[in-house]
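2 protein chains.
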Amino acid sequence: MVGIGDDAAVITPPSPPLNKGGMGGVAPLLITTDSLVEDVHFRRDSPPEALGWKALAVNISDIAAMGGMPKHYLLSLSVPEGISVDYLDRLFAGMTDAARRHGLSLIGGDTTSSPDRIYISVTVIGEASKNILLRKGAKAGDQIFVTGTLGDSALGLRMLEESGVGSWELGVKDLKLKTIINRHLRPVPRVKEGILLANSGTITSMIDISDGLLADLGHICEESKVGATVWADKIPLSKGFKSLSDRFGGIDLALSGGEDYELLFTVNGKEVKNFLSEAKGVKSTHIGEITKGKGVRVVGKDGQLHIPQRSGYEHFKG
Amino acid sequence: MVGIGDDAAVITPPSPPLNKGGMGGVAPLLITTDSLVEDVHFRRDSPPEALGWKALAVNISDIAAMGGMPKHYLLSLSVPEGISVDYLDRLFAGMTDAARRHGLSLIGGDTTSSPDRIYISVTVIGEASKNILLRKGAKAGDQIFVTGTLGDSALGLRMLEESGVGSWELGVKDLKLKTIINRHLRPVPRVKEGILLANSGTITSMIDISDGLLADLGHICEESKVGATVWADKIPLSKGFKSLSDRFGGIDLALSGGEDYELLFTVNGKEVKNFLSEAKGVKSTHIGEITKGKGVRVVGKDGQLHIPQRSGYEHFKG
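Which chain is which? The protein sequence lines are V and F, in order.
Residues in the first sequence are numbered consecutively from 5, following this note's numbering.
Residues in the second sequence are numbered consecutively from 5, following this note's numbering.
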């Protein structure tokens, strides 16, 4: 059983052993929990639908990061008196939307009052694939890949901070900008991709990017006892990010900004060809390689070491 | 699968069907989550060991209420800056104590900052017994039993409120009083009893008493679509409660006060004798019977209707 320290915990349900008539290998369950606290992770004037969506999505992403299929969730909600029924309805609508999109059912939870701030704690239970992908398992020579594009969520957060959260729904007409902001407010966990990757048999480790590429690659390196080299010019960036990110740090924001909820994984160095043919359904980019030693270093196109200006993700401070 | 509305949710893990070589009946898992919020459920000057114990114990009790064996837990903790390491150490010590006493292991969770209040959310996973006991299932003619004694926790809370929470550890020398206060601060969930009851085969419904006897019996009645009569003079009271509860309502406090975390259950009317011989390990008291109709009524020794002065449990307000 995998306990604390990975994206989700693994529980192997009890089953009679083979010699007692049981079938031995019951599919393990994955379980994870994450909380969102008002004025730490969100502001009350941000859209409640997005908050509900995100509270569930970040937990779904933890299951995706293990290659599992999310199935059930529990919601623990603490709400101060001033919150309107309309606000809660919209919050539930966003959460239910994320649940429906990913096939989860609400199976329990509790609601309590709170003196002044909203607290949302979500637990998600999923079913493991045949292979459970952990942070541990990367070896020197393995190749590093990432799904989607990086930095959009961090850029979206900075846009929101600049424009004043809450007004974005009415104010933002520019489609490129709206897409970037939505990457922050309504992240889409990579469930389908996670399962395909788990079943490909060529992946040696995986994590979802919540703290930022460099921080989360650091987690893989620590757990796997290896180092890593990332190629700055290979980092996948969206068109919107390229055109809007300059004054927020550009590539450094993509390297260090958090909450992408993309999957970061390593492919067995000898199986990259097999991976590319077997996991065709997964759009991913080859961004670096696992090395001996420890720590993550970034190199530019010129082969020179690149020192990002900010490292790690800082939560929004209200 | 049992979803929202019972003490815990039931998850049946996926297993190959019998005709595919599977063994079919894998033991279901039980899962429950409950939160404690500072200044709603506890005050910061109450002993952190007790807080840690209780945050886990109330969730364990939900598993016990279904007749299950608690196995794992996840902790989601949000902590403001002012909290000392010593406070957190003591909180974890209390929680770890409850976990060890009941055989649970910590398998995950998250820690975040909080603007000003402590927020604790715990999820407990357990294994179901052969019979899962639900709130639903009581029938007219079934007999109502409860474990232990009632009202001690509610009395303990009132004693704490009166004396000033925090001083109790040093100030309270009277053993009877200390026992009463401990029933509030460190409730002991009835895990062993729950499993014995589930395996006896004579129990038709069960719940743990968190909201108060009348409120929780009301939950059984609603879910089972029956009514109930409770005999006021049969309610089991501790010696301490008898000697100290008069100015807090006496029997009415035992009927309505919450957080007893005793098990309230109904025995098939035709199997009371079997129950009494089979479930010898469970100390319980026969306090009433299930009737047709709906609602819970309390009758005194004289057969007259007794109207309790307060109904339901009110959370501590800071």
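A couple of the hints might just be wrong.
Since the list gives no way to pick out one identical chain from another, each pair is judged satisfied if it fits inside one copy or across any two copies.
What the hints assert, rightly or not - Here are the simulated BS3-like cross-link-like pairs (lysine-lysine), alpha carbons at most 27 angstroms apart as the crow flies:
(1) Lys134 to Lys75
(2) Lys75 to Lys287
(3) Lys75 to Lys140
(4) Lys182 to Lys277
(5) Lys238 to Lys134
(6) Lys75 to Lys243
(7) Lys196 to Lys143
(8) Lys196 to Lys75
(9) Lys296 to Lys238
(10) Lys75 to Lys180
(11) Lys75 to Lys182
(12) Lys284 to Lys243
(13) Lys243 to Lys274
(14) Lys243 to Lys298
(15) Lys229 to Lys296
No lab work stands behind these hints, which were simulated from the structure alone.
As the structure is a computational prediction, the values presented were derived from the model and not from experiment.
Cross-check of the supplied hints:
{"no.": "1", "hint": "Lys134 to Lys75", "result": "both (16 angstroms within a copy, 24 angstroms between copies)"}
{"no.": "2", "hint": "Lys75 to Lys287", "result": "within (24 angstroms within a copy, 39 angstroms between copies)"}
{"no.": "3", "hint": "Lys75 to Lys140", "result": "both (24 angstroms within a copy, 25 angstroms between copies)"}
{"no.": "4", "hint": "Lys182 to Lys277", "result": "neither (37 angstroms within a copy, 69 angstroms between copies)"}
{"no.": "5", "hint": "Lys238 to Lys134", "result": "neither (31 angstroms within a copy, 55 angstroms between copies)"}
{"no.": "6", "hint": "Lys75 to Lys243", "result": "neither (34 angstroms within a copy, 48 angstroms between copies)"}
{"no.": "7", "hint": "Lys196 to Lys143", "result": "within (25 angstroms within a copy, 46 angstroms between copies)"}
{"no.": "8", "hint": "Lys196 to Lys75", "result": "within (13 angstroms within a copy, 30 angstroms between copies)"}
{"no.": "9", "hint": "Lys296 to Lys238", "result": "within (21 angstroms within a copy, 72 angstroms between copies)"}
{"no.": "10", "hint": "Lys75 to Lys180", "result": "neither (33 angstroms within a copy, 48 angstroms between copies)"}
{"no.": "11", "hint": "Lys75 to Lys182", "result": "neither (30 angstroms within a copy, 45 angstroms between copies)"}
{"no.": "12", "hint": "Lys284 to Lys243", "result": "within (23 angstroms within a copy, 72 angstroms between copies)"}
{"no.": "13", "hint": "Lys243 to Lys274", "result": "neither (33 angstroms within a copy, 74 angstroms between copies)"}
{"no.": "14", "hint": "Lys243 to Lys298", "result": "neither (33 angstroms within a copy, 64 angstroms between copies)"}
{"no.": "15", "hint": "Lys229 to Lys296", "result": "within (8 angstroms within a copy, 66 angstroms between copies)"}
Hint violations for this structure: numbers 4, 5, 6, 10, 11, 13, 14, all remaining hints satisfied.
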